[in-house]
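In order, the protein sequences belong to chains C and Y. Heads up, the first sequence is in this note's numbering, so the first residue is -12 and it goes up one at a time. Heads up, the second sequence is in this note's numbering, so the first residue is -12 and it goes up one at a time.
Careful, some of the hints might be misleading.
Identical chains blur together in the list; that is why a pair holds if it fits in one copy or across any two.
[To be verified] DSBU-like cross-link-like pairs, simulated, lysine-lysine; straight-line CA separation at most 30 Å:
| no. | residue 1 | residue 2 |
| --- | --- | --- |
| 1 | K109 | K158 |
| 2 | K79 | K109 |
| 3 | K106 | K158 |
| 4 | K79 | K158 |
| 5 | K106 | K195 |
| 6 | K195 | K108 |
| 7 | K159 | K106 |
| 8 | K195 | K109 |
| 9 | K108 | K159 |
| 10 | K79 | K108 |
| 11 | K159 | K109 |
| 12 | K195 | K79 |
These are computed hints drawn from the structure, not numbers from a lab.
2 protein chains.
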Amino acid sequence: DLARACAELFTTGSLAGKRVVITAGPTREAIDPVRYVSNHSSGKMGYALAQACIEAGARVTLISGPVHLPTPDRVHRLNVNSALDMLAASGKAVDAGCDVFIATAAVADYRPVSVAEHKIKKAGDAMTIELVRNPDIVATMAARADRPFVVGFAAETQNVEAYALSKLRDKKLDMIACNDVSRQDIGFQSDDNAMVIFWNGGSRRLDKAPKTFIARELVSLISQHFSQ
Amino acid sequence: DLARACAELFTTGSLAGKRVVITAGPTREAIDPVRYVSNHSSGKMGYALAQACIEAGARVTLISGPVHLPTPDRVHRLNVNSALDMLAASGKAVDAGCDVFIATAAVADYRPVSVAEHKIKKAGDAMTIELVRNPDIVATMAARADRPFVVGFAAETQNVEAYALSKLRDKKLDMIACNDVSRQDIGFQSDDNAMVIFWNGGSRRLDKAPKTFIARELVSLISQHFSQ
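Put together the whole structure using the sequences plus the hints.
Written as structure tokens, this is what we have:
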């Protein structure tokens, strides 16, 4: 539209004209019409990154799980629920043209094998949910022949750095941002965050700061490495 | 405080001076520090009921699972996460004095047998979660010797009326409000609702209307039957 076209005319940011796709929030994996398995995630980090990418001049598609956040101005937001929905939306968004893919979403690693059509009635003192592995969205995007610059996130509670480095390598990411979710003062619902960012051959520690600030620093790092 | 004392002086509502305890929202049952099992519930019906009870002159304690809603004026809100937390808070609130207990919360029927201290690493294509039955909060309150007037809610997707009547009897409730969550246009995140309310010897259908309106009608029914 006109406002967007005007805004882009004056764009001189570090990601000017680049197409960025960001996943954010949790996914919900249905057990039946009322029950689901999910992960803690407010979506704040992903939304702050969407805002920071807009400020840096990018065109941003935000693929969002269920969160309670307003959509930043000029961001194109697509709402999804499950990991399979998020994978499909991510594939389409990258098909449509994507320079940088940033996967902040807390995707459920597993989903129930089958979804009951009706609410499962209580029966007995025990219940077992059989789960099956969900596809790895960020690794799927990084494995494409036409791969964008791919940034992953890791939320670990122990051996944070070791897991992050193995994810960087195994998933063939260009960059990974890693926060320690066992820290009570940051992450999840918090407005603050702190992280260590790794790439092939380097790392950068971002100390505790508002997520809006962390997002701008991360976008700055992405634009430096993306243009190399 | 003073504002509350003043407000109570002028209270002439149908629940004037009565102590009402309401549970609302979903519960979250932790699998590990990042994953959980939950139910769809916006909490809107419970919060609308809290507001309607205040308008009717009651003193209201609202025991709320994780939702994104503002606390109505003069409502005493207690935040909880799991079903066990909600049971403990409900027991304390009834111990402190309760005339009417309204259980709108979408309590998880089952919780994981154990909660992993650290995030469970992905291992293999399948995963099984063993669950154990949660206590029945509304039935526990209705079984007390000093039981208040107890109102339950039922969210069913089939045989709505039959399930509601058996819950009324089996859990020894005074009243049960029953909505059909398979209807796409009401329930969960919706601002509207429609329900059938059953008590021993009668029923009343409330057609689709804003939850605030439904809440006032339900409070009116409760006050009629409570005073009998």
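Checked hints:
1. K109 with K158: between (40 Å within a copy, 14 Å between copies)
2. K79 with K109: between (39 Å within a copy, 26 Å between copies)
3. K106 with K158: This pair counts as between: shortest inter-copy Cα distance 19 Å, intra-copy 37 Å.
4. K79 with K158: Within. Shortest intra-copy distance 20 Å satisfies the 30 Å Cα cut-off; inter-copy 50 Å does not.
5. K106 with K195: between (43 Å within a copy, 22 Å between copies)
6. K195 with K108: Intra 46 Å, inter 26 Å, cutoff 30 Å: inter-copy only.
7. K159 with K106: between (40 Å within a copy, 23 Å between copies)
8. K195 with K109: Cα proximity of K195 and K109: across copies only (28 Å, versus 45 Å in one copy).
9. K108 with K159: between (44 Å within a copy, 19 Å between copies)
10. K79 with K108: This pair counts as between: shortest inter-copy Cα distance 29 Å, intra-copy 38 Å.
11. K159 with K109: Answer is between; shortest inter-copy Cα gap is 18 Å, intra-copy 44 Å.
12. K195 with K79: neither (35 Å within a copy, 38 Å between copies)
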